[in-house]
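Student: Sequence:
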Amino acid sequence: MSIAENRRARFDYHIEEQFEAGIVLAGWEVKAIRAGQVQLPEGYVHIRDGELYMIGCRINPLRSASTHVHPEADRTKKLLMHKTEIRRLIGKVEQRGYTLVPLNLHYKDGRVKVQVALAKGKGEHDKRDTIKEREWEKEKGRLMRHKVSGGKG
Numbered sequence: 179m180s181i182a183e184n185r186r187a188r189f190d191y192h193i194e195e196q197f198e199a200g201i202v203l204a205g206w207e208v209k210a211i212r213a214g215q216v217q218l219p220e221g222y223v224h225i226r227d228g229e230l231y232m233i234g235c236r237i238n239p240l241r242s243a244s245t246h247v248h249p250e251a252d253r254t255k256k257l258l259m260h261k262t263e264i265r266r267l268i269g270k271v272e273q274r275g276y277t278l279v280p281l282n283l284h285y286k287d288g289r290v291k292v293q294v295a296l297a298k299g300k301g302e303h304d305k306r307d308t309i310k311e312r313e314w315e316k317e318k319g320r321l322m323r324h325k326v327s328g329g330k331g
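Following our numbering, the numbering of the sequence shown begins with 179 at its first residue and continues without gaps.
Treat the hints as calculated values from the structure; they're not laboratory data.
Some hints could be false.
Subject to a maximum C-alpha distance of 27 angstroms in a straight line, what follows is the list of computed DSSO-like cross-link-like pairs (lysine-lysine) [claimed, not checked]:
1) 298 <-> 270
2) 291 <-> 209
3) 291 <-> 256
4) 310 <-> 291
Here are the computed distance ranges between Cβ atoms for each label pair [to be verified]:
5) 312 <-> 213: 45 to 55 angstroms
6) 180 <-> 298: 18 to 28 angstroms
7) 242 <-> 273: 42 to 52 angstroms
8) 323 <-> 256: 41 to 51 angstroms
9) 252 <-> 319: 34 to 44 angstroms
10) 300 <-> 225: 35 to 45 angstroms
Built from N, CA and C at the ideal position, the CB exists for glycine as well.
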């Protein structure tokens, strides 16, 4: 079940591989996520000291948050993966020029997980091709609907 999606990632990047990672959250963040107060607009994954951190995930605190907790909406969140997977990702990012991008937040067995993609940036012409392809799919759907409804009348 998806919580939040980073739609911009599929437009800006060629997705090569996808991985699932756990995420370290504070209690107020879990409650806010369950209430739907999360956005993943321009998130990316940063590698620091052999660990993965997600930046750009905004979790808006609930108004009913406790008074002794000082919530920070744009806090950097640590991602949890096996060391072997992290080393493999670090190698690809450093050697081949890949980028790590969060695709979505979802629930798995009652826990919040992040789907992280190993991606390469698209050039401007690739983005135009994506737009053309999307427009053609819409037009094709319109033509098929028109053809189906026109044949019965």
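Student: Run every hint past the structure and note whether it holds.
Tutor: Hints versus structure:
no., hint, verdict
1, 298 <-> 270, "holds, 11 angstroms"
2, 291 <-> 209, "holds, 15 angstroms"
3, 291 <-> 256, "holds, 12 angstroms"
4, 310 <-> 291, "violated, 33 angstroms"
5, 312 <-> 213: 45 to 55 angstroms, "violated, 32 angstroms"
6, 180 <-> 298: 18 to 28 angstroms, "holds, 24 angstroms"
7, 242 <-> 273: 42 to 52 angstroms, "holds, 47 angstroms"
8, 323 <-> 256: 41 to 51 angstroms, "holds, 47 angstroms"
9, 252 <-> 319: 34 to 44 angstroms, "holds, 38 angstroms"
10, 300 <-> 225: 35 to 45 angstroms, "violated, 22 angstroms"
The structure is inconsistent with the numbered hints 4, 5 and 10, although it conforms to all the rest.
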